[in-house]
Amino acid sequence: MSSEFTVSRDKCVERLRAQLQGGELPAQLAARTATSRGSRLLYGAMLHGAARLEAGQELTDLEAPLVRLLQRLFSTEGAWEIGRVFLEEESVRNASTLFPDSLVARPVEQGYTSQDLLADLEVVGEEIRSQPNVSLTDLDAAGAAGADGGDMDSQEFVHAMADYGYGATVVTASELQKTLGEPKAVQTLLALSKFYCVRESNEASASDEIYWALAAGADQGGKQSSVTRIYENVDKGETHTVDTGTVLFSGSVDKALVCTIHCWERDHSMPDDLGDTIKDISTAVQDVASFLGKLPLGTPFQTTMKFVELVGLIGELIGEILNWLRDDFVAERTLAFDRAALERLHNRPGREDYWNFNGPSEEGHFQLYIRSGPMQYPTISGGWPGLRGTSFTSNLGAACPVPGSSTDIYLFRDSQYVRYTVRNETIDFGPADIAANWPGLRGTSFTSGIGAACKVPGSNSDIYLFRGSQYIRYNVSKEKREHGPASISANWPGLQGTSFTSDIEAAVNRPNSSTDVYLFKGSQHVRYDLNRERIVFGPASIPANWPALRGGSR
-18 MSSEFTVSRD KCVERLRAQL QGGELPAQLA ARTATSRGSR LLYGAMLHGA ARLEAGQELT
42 DLEAPLVRLL QRLFSTEGAW EIGRVFLEEE SVRNASTLFP DSLVARPVEQ GYTSQDLLAD
102 LEVVGEEIRS QPNVSLTDLD AAGAAGADGG DMDSQEFVHA MADYGYGATV VTASELQKTL
162 GEPKAVQTLL ALSKFYCVRE SNEASASDEI YWALAAGADQ GGKQSSVTRI YENVDKGETH
222 TVDTGTVLFS GSVDKALVCT IHCWERDHSM PDDLGDTIKD ISTAVQDVAS FLGKLPLGTP
282 FQTTMKFVEL VGLIGELIGE ILNWLRDDFV AERTLAFDRA ALERLHNRPG REDYWNFNGP
342 SEEGHFQLYI RSGPMQYPTI SGGWPGLRGT SFTSNLGAAC PVPGSSTDIY LFRDSQYVRY
402 TVRNETIDFG PADIAANWPG LRGTSFTSGI GAACKVPGSN SDIYLFRGSQ YIRYNVSKEK
462 REHGPASISA NWPGLQGTSF TSDIEAAVNR PNSSTDVYLF KGSQHVRYDL NRERIVFGPA
522 SIPANWPALR GGSR
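For the sequence shown, counting from 1, position 146 maps to 127 in the working numbering; every step adds exactly one.
Wrong hints could be hidden among the right ones.
[To be verified] Listed below are the simulated EDC-like cross-link pairs for lysine to aspartate or glutamate, each with C-alpha atoms no more than 20 Å apart in a straight line:
1. K287 with E219
2. K502 with D395
3. K(-8) with E71
4. K287 with E514
5. K287 with D395
6. K175 with D235
7. K165 with E324
8. K287 with E163
9. K217 with D235
10. K175 with D224
11. K175 with D216
12. K502 with E486
No lab work stands behind these hints: they were computed from the structure.
These numbers come from a predicted model, not from an experiment.
Build out the structure end to end from the sequences listed, making use of the hints.
Structure follows, in structure tokens:
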């Protein structure tokens, strides 16, 4: 994408050149405390990777996701330009003041891998951890941070966050960490509830106008990003409630969840492409979380220390990129939760903790409250109010969109069905007997016990119904069978030799496809191409390939 931020791409490159070559930076950036050379390890790896991309080199496992972020933000040509600036003579001459020796001495022909990163952390890890804007919050420590609703951050960290322009925090639970066995999916919900203004910014306007940009990624593939609305008339000492449903993350986590949150003060208008940029950052954050989840880091203590170091690196990296892009953000911080922390937080239902976002003296200071806990799957009764008072609030047999309708679906249960309008949350017809209202099914076993249903891809009138080892193609408009009852095995040849020739439990059309359907049975699924009559993918594990469903009953 081409950035439309208040800082143009040319200005971003100028800022990068000034930083790399000891030139003049904008006053706001120049006033910040410089991070240590070790803390810039991941940032340097990204720039080195951009230089290697420009030189036509194959990127390493670590360089590739870092450079992809640059490509998303600035295009491939923009990434090339950044790589060229990194290799300019004055940049190379000044590199030893900014980056660790292992990067300074590395020729462009030599890639920087994840193993190189782990080796370098043995050298610079303590340097990263000791930086005061990098913190470890232990929920099991004596007088633990956040106990009894107290501050999760030390005052030293809060001040350092303003000095450095960003903060990075790892949240763990050390005692629980020692007892955890093999990684197991934790269904997690983190949602914003409110924020408190400790200090307003020194803008000319009487009140602040604040909005929040959120990005989160888990080690098993889940990622989310969003930008809140602008909260106007924010003054010192006020608490502002965040809109219900403002979610930082909702999904499955095995080992690590990494979140980055940016607090912005609206100077003029919210940039149109901010949502895209935050989405790009969430992808980068998910890449880092996935990387963390795969690392063999040793004992629980060693794992936590490496976790802190890596999160410190990603916090610094994102802070550098935001410094290129914008002038009007208040503060940015990266929060990372390990599995022990998430399980500990789950034992405090309804609790919310606040995290500080403290900008430089001319900017504001805000405390953001985040409610944490296990992800609760909504009940049918709670989410489909029109079904209350009927038997269709549990044990549904099948569901299928009504062909030709963008609002209605059929729900089947035993020998009955309803037609439900999702937009109005009302039953359009039913509950009623299938036999009485689907005349083409009379005389077959499909008048009860339908196990799965879906639209026929590419048709505006037909649906597939599955029951046991048989299926029917039914024309809803003409109220007659087009084919069947017939054997699934004989007529879906690509399913032969799998368990999907009988007792299919659910069927779903693949979005934006005129040929493919998903079929589900037990803990497995397949993606089936009806035109080619073959399995495109599977049989495969549902938990492994649908990460947001992990931990649910299905």
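Which of the numbered hints above does this structure break? Of the numbered hints given earlier, those the structure breaks are 1, 4, 5, 6, 9, listed in rising order.
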